[in-house]
Amino acid sequence: MVKNGNTEAETHDARSRLIISALRSFAEKGFEVATTREICDAAGTNISAIRYYFGDKAGLYRAVFTEPISETTRHTNVAAYLGLPLVEALGGFFTEFLEPLKKGEEIRLVMKLHFREMIEPTGVWQQEIDTKIKPQHDALVAILKEHLGLQRVDIDVHRLAFAIIGMAVHFYVGQEVVSAISPQLLNTLNAIDVLAERLAGYAVSIVEGEARRRAQ
3 MVKNGNTEAE
13 THDARSRLII
23 SALRSFAEKG
33 FEVATTREIC
43 DAAGTNISAI
53 RYYFGDKAGL
63 YRAVFTEPIS
73 ETTRHTNVAA
83 YLGLPLVEAL
93 GGFFTEFLEP
103 LKKGEEIRLV
113 MKLHFREMIE
123 PTGVWQQEID
133 TKIKPQHDAL
143 VAILKEHLGL
153 QRVDIDVHRL
163 AFAIIGMAVH
173 FYVGQEVVSA
183 ISPQLLNTLN
193 AIDVLAERLA
203 GYAVSIVEGE
213 ARRRAQ
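Residues 3 to 218 (our numbering) are what the sequence shown spells out, left to right.
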């Protein structure tokens, strides 16, 4: 199919090149300093391509901030985890959560961009919290509520959820440290799958410990 003189494949390729180029520029320089001209030059497109695909520089930034991770993960479906044995529910959760790590250098740039956003906020973090982070947290809370046999979610369930998910978050924010100390933990697709499996096992032990605490 041809769209405005370009095939869909060409359109997708140009848009993808802009995302990658902008990700590198925004991560290295920040939103204010990175220029649309340098982004387009690196992507091999003209300046009007940003307006065509993203509307403006801010639209490009929003796409860069969310798409590289969103493309590798499906929308969090709480119901998909309920009714499963705890280790299977947590295994599915961690597998989905860690999937973006398989993108290697690209995800390292994404994390660098996220750190920069914390220091030089543009307002996109709230969107990320609403559309990605909170749904993942709610899914984990639902798993814990079911397997702890609770009628309602209390503050300790949220504490437990943050503690469990923190194990996986560390492998994002500490990628350089992990790679320096034990590179084999993240250097293959299979290693990341094994990591998800192990984290699920560790999390089961934590949940069992919380169940014993509540029973006392």
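Keep in mind that the hints were calculated from the coordinates and are not lab data. Take the hints with a grain of salt, since some may be wrong.
[Said to hold, decoys possible] Under the rule of at most 25 Å between Cα atoms (straight-line distance), these lysine-lysine pairs were calculated in the DSS-like manner:
id: 1; residue 1: K147; residue 2: K105
id: 2; residue 1: K59; residue 2: K147
id: 3; residue 1: K104; residue 2: K147
id: 4; residue 1: K31; residue 2: K59
id: 5; residue 1: K114; residue 2: K104
[Stated by the list, open to error] If you anchor each label on the Cβ, the simulated ranges turn out as follows:
id: 6; residue 1: S50; residue 2: V196; range: 31 to 37 Å
id: 7; residue 1: R154; residue 2: K105; range: 36 to 42 Å
id: 8; residue 1: D158; residue 2: T190; range: 35 to 41 Å
id: 9; residue 1: Y204; residue 2: V80; range: 51 to 57 Å
We put the CB at the ideal spot given by N, CA and C, even for glycine.
Hint by hint, here is what the structure shows:
{"no.": "1", "hint": "K147 / K105", "in the structure": "32 Å, violated"}
{"no.": "2", "hint": "K59 / K147", "in the structure": "42 Å, violated"}
{"no.": "3", "hint": "K104 / K147", "in the structure": "30 Å, violated"}
{"no.": "4", "hint": "K31 / K59", "in the structure": "14 Å, holds"}
{"no.": "5", "hint": "K114 / K104", "in the structure": "16 Å, holds"}
{"no.": "6", "hint": "S50 / V196: 31 to 37 Å", "in the structure": "46 Å, violated"}
{"no.": "7", "hint": "R154 / K105: 36 to 42 Å", "in the structure": "38 Å, holds"}
{"no.": "8", "hint": "D158 / T190: 35 to 41 Å", "in the structure": "37 Å, holds"}
{"no.": "9", "hint": "Y204 / V80: 51 to 57 Å", "in the structure": "22 Å, violated"}
When each numbered hint is compared with the structure, violations occur for hints 1, 2, 3, 6, 9.
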